[in-house]
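Engineer: Sequence:
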Amino acid sequence: MARIITACCLLLSVLGWAEERRADGFRNRLDRETLAALEAVERIEARLEDYRSLAPQERWRRESRMQRQLERLVDRCSGTRYENKALYYLAAWRMTFAEGEDVTPLLTRIRTGQHPSYKQLALVLQARHHLQQGRIPEARQLALDLVEDIPEFRPVLDLITLHEQVGRAAPRMSGTNLSGGPSDPVSEREEPWLLLAFIDLSDPEQRFRIETLVDEIGHRSYRDQFRLICISFDGNPLGAMNRLGEIGDGADLDLLWVNPNPEGDADTWRDGWLLPRLPVTVLIGPAPGRSIMAVDPQVSDLRQLVGRSRSSSNRGTGWGGIRNRRQRRWSD
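Count along the sequence shown from 1, add 208, and you get the number used in the working numbering.
Certain hints may be false.
Calculated pairs, EDC-like style, for lysine to aspartate or glutamate (alpha carbon to alpha carbon, straight line, at most 20 Å) [stated by the list, open to error]:
#1 Lys-327 - Glu-360
#2 Lys-327 - Asp-283
#3 Lys-327 - Glu-372
#4 Lys-327 - Asp-357
#5 Lys-327 - Asp-353
#6 Lys-327 - Asp-310
#7 Lys-327 - Glu-346
Derived from the structure by calculation, the hints contain no laboratory data.
Only a predicted model underlies this, so the values are computations on that prediction, with no experimental measurement involved.
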C-alpha cells in the first residue's frame, strides 16, 4: 500500500502544527470555537500516538473502528483553521479502510476551502484515489504538478510508473526459491492467477500484510485459481523462512529470496519491476501471456475474480479486517 508516503507527509505537517501550538500564548489567541477544534484534534492525535505502540494487527483493528470519531472531528472543526486537517484524517482513513469510498467530496472540500493547509497532501490522496479507480493518466498529471512544486513527492510519481505497467508482460526473473518450488514461478506455476508480494519479512508491518494475504487466498474459492508468491528482500534468508513459518499457512506459498546484500540481485529486481517501495503487490494474469493485471489490488477485486460473494467479506475494513484466523477458519 502507499500509506508510507502519506504517513511521512502527515508527520511533517503534524510537527509543523505542534511547533505553532508551542508558541507563547498561542492558545490564548484562539477564539472558543477554534480552541475546541484544536482540543478535539489533539485528542485524536493522542489516541493515534498510543496506537503506534501496539502490534500491527491490534493497531489496525483499533484504527479500523475510528470512522465515527473522525466524522465527529470533521463536524467539530468545520469552519475553523483545523477543518482541512480533520478532513484529511477522515479521507486517509477511507482510503485505507474503505477502499476510497466517498473520499472525493472530502478532498474537494480541502482543495476549494479557504484555509491553505493540507492542500498538497489532499492532492497526493487524490492521485492515489485515481490509481484505485484506474484513472492512471489523471493520476500522472496530478503527480507531475505536485513534484514540480515539491520534489519530495517524487515517490508518488514512481508508484504511478509501476501502475502504468499494467497490460504489459510480467518480467521473467529468477530467484532462490526457499520453499523448494521453481526459481521462476511466473513462468512455471500452473495456477491461472499469480499474486506477487514484494516484501521485507523482517518488518512487522509488512509481515502483517503477508498474513492478511495468506488468510484471504486460503479461502476455498481461491483453490487451484490463485498462487501467492512472496518475494522477500530480507538480508537473512533463514530469517525470512522462519518468519514466514510463523504464519500458519506459509508453507502453501512460494518464498522467493532476492539478495539485498552487496553484489546481490535486489537492484536488478527493483529495476526490472520498477518497484517504487516495499511492500507492493502485483497481480499476474493467466498463461501464456502472464500480463500484469493490477498493482495493489483490493480484496474486492480478488474476490470478484473467483466469484466469491462480497457479502462474505468484512467490507470497509481493508486488508487487516479480513484477518481472524486464530479465532476461526473460513467457513462461508
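Engineer: Now, for every hint given, state plainly whether the structure supports it.
Structural biologist: Status of the hints after comparison with the structure:
Proximity of Lys-327 to Glu-360 is assessed by CA-CA distance (about 15 Å); at most 20 Å being required, the pair is judged to hold. A threshold of 20 Å between alpha carbons decides the hint, and for Lys-327 with Asp-283 the separation of about 19 Å falls inside it, so the pair holds. About 25 Å separates the Cα atoms of Lys-327 and Glu-372, which puts this hinted pair outside 20 Å; it is violated. Taking the CA atoms of Lys-327 and Asp-357, the gap is near 12 Å; set against the 20 Å cutoff, the hint holds.
As the CA atoms of Lys-327 and Asp-353 are separated by approximately 13 Å, the hinted pair is consistent with the 20 Å bound. Simply put, Lys-327 and Asp-310 have alpha-carbon atoms about 18 Å apart, close enough for the 20 Å limit, and the pair holds. Between the alpha carbons of Lys-327 and Glu-346 the distance comes to roughly 17 Å, so the proposed pair stays at or under 20 Å and holds.
When the structure is compared with the earlier hints, a violation turns up for hint 3 alone.
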